[in-house]
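Keeping their order, the protein sequence lines are chains A and B. Taking this note's numbering, I'd label the letters of the first sequence as residues 81 to 646. Taking this note's numbering, I'd label the letters of the second sequence as residues 3 to 162.
One or more of the hints may lead you astray.
[Unchecked claim] In silico DSS-like cross-links for lysine-lysine, where the CA-CA straight-line distance does not exceed 27 angstroms: (1) B:K14 <-> A:K215; (2) B:K132 <-> A:K389; (3) A:K460 <-> A:K282; (4) B:K68 <-> B:K14; (5) A:K392 <-> B:K113; (6) A:K279 <-> A:K392; (7) B:K14 <-> A:K255; (8) A:K212 <-> B:K14; (9) A:K389 <-> B:K113; (10) A:K392 <-> B:K132; (11) A:K284 <-> A:K440; (12) A:K254 <-> B:K68; (13) A:K392 <-> B:K4; (14) A:K275 <-> B:K64; (15) A:K460 <-> A:K279; (16) A:K255 <-> B:K74; (17) B:K68 <-> A:K255; (18) A:K389 <-> B:K68; (19) A:K282 <-> A:K309; (20) A:K100 <-> A:K275; (21) A:K83 <-> A:K275; (22) A:K389 <-> B:K120; (23) A:K212 <-> B:K64; (24) A:K255 <-> A:K275; (25) A:K282 <-> A:K392; (26) A:K254 <-> B:K120; (27) A:K487 <-> A:K389; (28) A:K392 <-> B:K161; (29) A:K278 <-> A:K389; (30) B:K132 <-> B:K120; (31) A:K247 <-> B:K14.
[To be verified] Some chain B residues near chain A, calculated using beta-carbon distances under 7 angstroms: (32) G29; (33) K64; (34) Q65; (35) K68; (36) I70; (37) V149; (38) G152.
Treat the hints as calculated values from the structure; they're not laboratory data. Each residue gets a CB set at the ideal place from its N, CA and C atoms; glycine is no exception.
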Amino acid sequence: MEKINGSQAIIRCLQEEGVKIIFGFPGGAIIDLFDALMDSDITNVLVRHEQGAVHAADGLARVTGEVGVALLTSGPGATNGVTAIATAYSDSIPMVILTGQVPTALIGNDAFQEVDIVGITRPCTKHNYLVKDAKDLVPTLREAFHIARTGRPGPVLVDLPKDVVAKMIDFPEKKPIRMQTYQPNYEPHQGQIEKACKKILKAKNPVLYVGGGVILSNAHEELTELARKLNIPVTMTLMGLGGFPGSDPLSMGMLGMHGSYAANMAVANSDLLIAVGARFDDRVTGRLDAFAPHATIIHIDIDPTSISKNVKVDIPIVADCKFALTAMNTWFNTSSDFNREQVAASHEPWRATIDGWALKHPMTYIDEGEIIKPQFVIQKLDELTHGDAIITTEVGQNQMWAAQFYKFNRPRQWATSGGLGTMGYGLPAAIGAKMAFPDKTVVDVAGDGSIQMNIQELATARQYNCPVKVVILNNNYLGMVRQWQELFYNKRYAGTVMDITPDFVMLAQAYGAVGLRATKTSEVEAVLKEALATDNTVIMDFVIAREECVFPMVPAGKATTEMLLV
Amino acid sequence: MKHTISVLLQNKPGVLSRVTGLFSGRGFNIESLSVAETLDSSISCLTLVTRGDEAIIEQITKQLHKLIDVIKVTDIGDSEYVEREMVLIRVKAEAQTRAEVLRVIDIFRGKVVDVSPKSYAVEVTGSTSKVQAIIDILKPIGIQEIVRTGTIAMARASKK
């Protein structure tokens with residue numbers, strides 16, 4: 081066997097796994113790997129902050145379905161990445177994060193730029209490793225990718241001491257990975273499938289409640305087939321948007337805290353809730369005892385810990401969503417009990433009720449003439465991009481308006497920090513998405529607060545000729561917290577007023593990007609059109625109605641039927 | 003409800019902190035925990051005693067199983083089992099109480115493992131309730147120090 085050094089072996093592992101782009105920031109402990117990268121065909125994107133590297137890899141992973149890879153140095157390099165690792169963990173995003181570490185002889189000695197990153201990231205990674213012996217490098221890397229992309233995906237961190245990656249080693253041949261302790265279950269239990277299908281046939285008011293698992297398992301087609309075959313209305317979580325076409329008449333849009341009136345009413349009045357790859361998050365359920373109180377609950381999830389964690393489940397199906405939905409479709413296609421026309425017709429009264437709710441309280445806002453409404457900006461963006469752009473977001477009001485008013489019709493065109501709610505996610509994630517799909521329009525929907533959390537990545541976008549577009553919905557507030565203060569804290573705007581915000585047009589120019597601004601509703605379309613037609617990174621500063629709130633809103637701890645409406 | 007859970011896991015650095023981190027991070031409680039190698043030195047057996055209703059115990063066993071290094075999780079209480087704990091007790095033993103202490107130790111089938119002019123160190127093995135009983139009885143005489151191992155447990159073999 082030919083001898084190569086540890087760094088070269090790692091790069092070869094990355095190539096084996098099909099990695100084309102990695103995002104990183106160097107430092108003393110990881111120079112060897114950066115050095116080896118120079119001789120490979122892998123594009124190495126130099127970010128401006130390690131959080132940006134991991135978010136960018138995460139953005140790439142979400143839009144492609146591949147494993148995102150980030151390369152950080154030891155100590156502060158690694159800790160700077162932690163927020164982004166936790167972000168990916170919360171949303172089950174497949175990633176491998178490689179961190180440099182001080183030489184093994186110095187570990188535990190409080191060496192320069194030493195931190196126990198394996199200890200720190202233990203609760204926010206799917207698994208992590210410290211490689212102490214060079215002969216373990218290749219098997220560990222292979223195992224890391226295997227764990228990251230299989231089962232319920234997630235980030236895996238591999239900590240690489242400087243002396244270990246410098247050693248000469250043999251590069252072992254790749255064999256199928258079989259781990260004694262890790263064998264995720266993909267195939268559903270046929271008995272449970274049959275039980276679930278029979279239950280579905282008996283339901284009068286069924287609802288499909290769809291989460292990010294449908295997107296992670298690429299099950300959107302199977303889901304769409306099931307919903308249409310049985311004429312069952314569909315609602316999606318924030319993570320599930322795009323898992324079912326948003327413009328389909330069966331779509332009720334998002335549910336939960338800022339979900340549509342129709343979706344929340346439908347869930348509350350359903351007699352059968354079919355949860356697919358969703359985890360009954362508190363932002364979805366509101367007050368637990370009032371969540372879907374009349375419904376039998378079927379829950380499909382690949383992670384057994386998700387089942388009956390928050391809500392007691394009647395028919396659990398531990399399986400990959402794609403496998404389970406395929407099995408259900410097959411059951412209906414072959415069952416003599418199933419009469420498609422009859423079932424579809426039997427759900428028509430239920431659909432009419434839901435349409436009534438949607439008509440009574442549609443997703444809407446109050447037009448205020450030339451004062452720019454953020455919802456209008458998103459609607460225009462949807463229209464001008466034909467609903468086909470890749471949208472990333474920051475976190476807060478901007479994120480909710482994007483979720484409510486952009487019609488996501490396909491999976492993997494939406495990247496947002498759902499579980500952790502990480503401000504500063506959107507811009508680096510947009511860069512990751514754009515690097516993966518240079519021909520797609522990629523737009524980060526941002527607020528003036530959150531964009532400043534990773535604004536430095538504008539330089540990355542410029543350096544790699546990555547013309548992402550940033551829509552800033554600028555209200556000089558930390559708008560979502562301000563909204564809570566307006567509604568529940570007697571309008572005491574403690575720590576939410578951003579008196580000084582940079583001039584985003586000049587800021588864009590300072591980075592060599594293009595800056596545009598709209599202060600009136602009549603200017604919105606022209607600004608969006610110009611930005612979309614510009615072959616450069618663009619920041620659009622939309623000066624919006626300052627105290628606009630996101631509605632509907634279910635106050636925290638209330639039942640989802642207790643919505644505050646426009 | 004008290005549950006005794008047995009966990010087989012890979013004997014690797016950091017594995018124990020994965021388990022304890024899981025418990026502290028998710029707010030599960032650990033009453034006792036003991037861990038050591040099995041016959042196969044690459045595998046450790048961890049016995050832990052915890053409390054919780056059915057839903058919590060279900061989450062605990064599932065979450066443990068989700069850890070990549072965990073091989074097998076058994077809620078031992080689901081079947082017949084034997085459990086043992088050992089305690090070392092240093093109890094005051096002066097002229098007027100020596101005989102009484104020895105009598106108590108004898109009743110509990112304990113052993114004196116260290117003697118000094120003013121104290122005995124006693125070893126007692128048994129179920130948690132037996133261990134607790136001798137502690138309660140010796141307390142009025144004057145316990146100076148105790149060290150308990152925590153429970154270890156094993157399911158009974160099938161009678162068939």
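Hints versus structure:
Of the supplied pair hints, the one linking K14 of chain B and K215 of chain A holds, its CA atoms being roughly 16 angstroms apart against a limit of 27 angstroms. Between the alpha carbons of K132 of chain B and K389 of chain A the distance comes to roughly 36 angstroms, so the proposed pair goes past 27 angstroms and is violated. For the proposed pair K460 of chain A and K282 of chain A, the alpha carbon gap of about 42 angstroms is over 27 angstroms, so the pair is violated. Under the criterion of a C-alpha separation no larger than 27 angstroms, the hint pairing K68 of chain B with K14 of chain B is consistent with the structure, at around 16 angstroms.
Of the pairs offered as hints, the one joining K392 of chain A and K113 of chain B is violated, with about 50 angstroms between alpha carbons and a cut-off of 27 angstroms exceeded. About 17 angstroms separates the Cα atoms of K279 of chain A and K392 of chain A, which keeps this hinted pair within 27 angstroms; it holds. For the given pair, K14 of chain B sits about 23 angstroms from K255 of chain A by alpha-carbon distance, which is consistent with the 27 angstroms threshold. Only pairs whose Cα atoms come within 27 angstroms are accepted, and K212 of chain A paired with K14 of chain B is accepted, the gap being roughly 12 angstroms.
Taking the CA atoms of K389 of chain A and K113 of chain B, the gap is near 47 angstroms; set against the 27 angstroms cutoff, the hint is violated. Between K392 of chain A and K132 of chain B the CA atoms are separated by roughly 38 angstroms; this puts the pair beyond 27 angstroms, and the hint is violated. Under the criterion of a C-alpha separation no larger than 27 angstroms, the hint pairing K284 of chain A with K440 of chain A is consistent with the structure, at around 22 angstroms. Between the alpha carbons of K254 of chain A and K68 of chain B the distance comes to roughly 26 angstroms, so the proposed pair stays at or under 27 angstroms and holds.
Of the supplied pair hints, the one linking K392 of chain A and K4 of chain B holds, its CA atoms being roughly 22 angstroms apart against a limit of 27 angstroms. For the hint linking K275 of chain A to K64 of chain B, the alpha-carbon distance of about 23 angstroms falls within 27 angstroms, and the restraint holds. Between K460 of chain A and K279 of chain A, the direct Cα distance comes to roughly 42 angstroms. Violation of the 27 angstroms bound is thereby established for this hinted pair. Proximity of K255 of chain A to K74 of chain B is assessed by CA-CA distance (about 25 angstroms); at most 27 angstroms being required, the pair is judged to hold.
Between K68 of chain B and K255 of chain A the alpha-carbon distance is near 24 angstroms, which keeps this suggested pair within the 27 angstroms criterion. Of the pairs offered as hints, the one joining K389 of chain A and K68 of chain B holds, with about 14 angstroms between alpha carbons and a cut-off of 27 angstroms not exceeded. At roughly 15 angstroms between alpha-carbon atoms, K282 of chain A and K309 of chain A fall within 27 angstroms of each other, so this suggested pair holds. Between the alpha carbons of K100 of chain A and K275 of chain A the distance comes to roughly 44 angstroms, so the proposed pair goes past 27 angstroms and is violated.
Proximity of K83 of chain A to K275 of chain A is assessed by CA-CA distance (about 56 angstroms); at most 27 angstroms being required, the pair is judged violated. A threshold of 27 angstroms between alpha carbons decides the hint, and for K389 of chain A with K120 of chain B the separation of about 55 angstroms lies outside it, so the pair is violated. For a cut-off of 27 angstroms, the pair hint linking K212 of chain A to K64 of chain B is broken: about 30 angstroms separates their Cα positions. For the given pair, K255 of chain A sits about 39 angstroms from K275 of chain A by alpha-carbon distance, which is inconsistent with the 27 angstroms threshold.
In summary, the hint linking K282 of chain A to K392 of chain A is supported, as the alpha carbons are separated by about 20 angstroms, within the 27 angstroms threshold. For the hint linking K254 of chain A to K120 of chain B, the alpha-carbon distance of about 67 angstroms lies beyond 27 angstroms, and the restraint is violated. Only pairs whose Cα atoms come within 27 angstroms are accepted, and K487 of chain A paired with K389 of chain A is rejected, the gap being roughly 31 angstroms. Restraint check: the Cα-Cα separation between K392 of chain A and K161 of chain B comes to about 36 angstroms, which exceeds 27 angstroms; the hinted pair is violated.
Simply put, K278 of chain A and K389 of chain A have alpha-carbon atoms about 25 angstroms apart, close enough for the 27 angstroms limit, and the pair holds. Between the alpha carbons of K132 of chain B and K120 of chain B the distance comes to roughly 25 angstroms, so the proposed pair stays at or under 27 angstroms and holds. Pair hint K247 of chain A plus K14 of chain B holds up; C-alpha atoms about 23 angstroms apart against a cutoff of 27 angstroms. Because the beta carbon of G29 of chain B sits about 13 angstroms from the nearest beta carbon in chain A, more than 7 angstroms, this interface hint is broken.
Because the smallest distance between the Cβ of K64 of chain B and any Cβ of chain A comes to about 4 angstroms, under 7 angstroms, the interface hint for this residue holds. Residue-level restraint check for Q65 of chain B holds (minimum Cβ-Cβ distance to chain A is 5 angstroms; threshold 7 angstroms). Taking 7 angstroms as the C-beta cut-off, the interface hint given for K68 of chain B holds, the closest approach to chain A being about 6 angstroms. A distance limit of 7 angstroms between C-beta atoms decides the matter here; for I70 of chain B the minimum to chain A is near 4 angstroms, and the interface restraint holds.
With its C-beta approaching chain A no nearer than about 28 angstroms, V149 of chain B sits outside the 7 angstroms limit, and its interface hint is violated. Using the Cβ-Cβ criterion of 7 angstroms, the hint placing G152 of chain B at the interface with chain A is not satisfied: the shortest such distance is roughly 23 angstroms.
In this structure, the hints that do not hold are numbers 2, 3, 5, 9, 10, 15, 20, 21, 22, 23, 24, 26, 27, 28, 32, 37, 38, in rising order.
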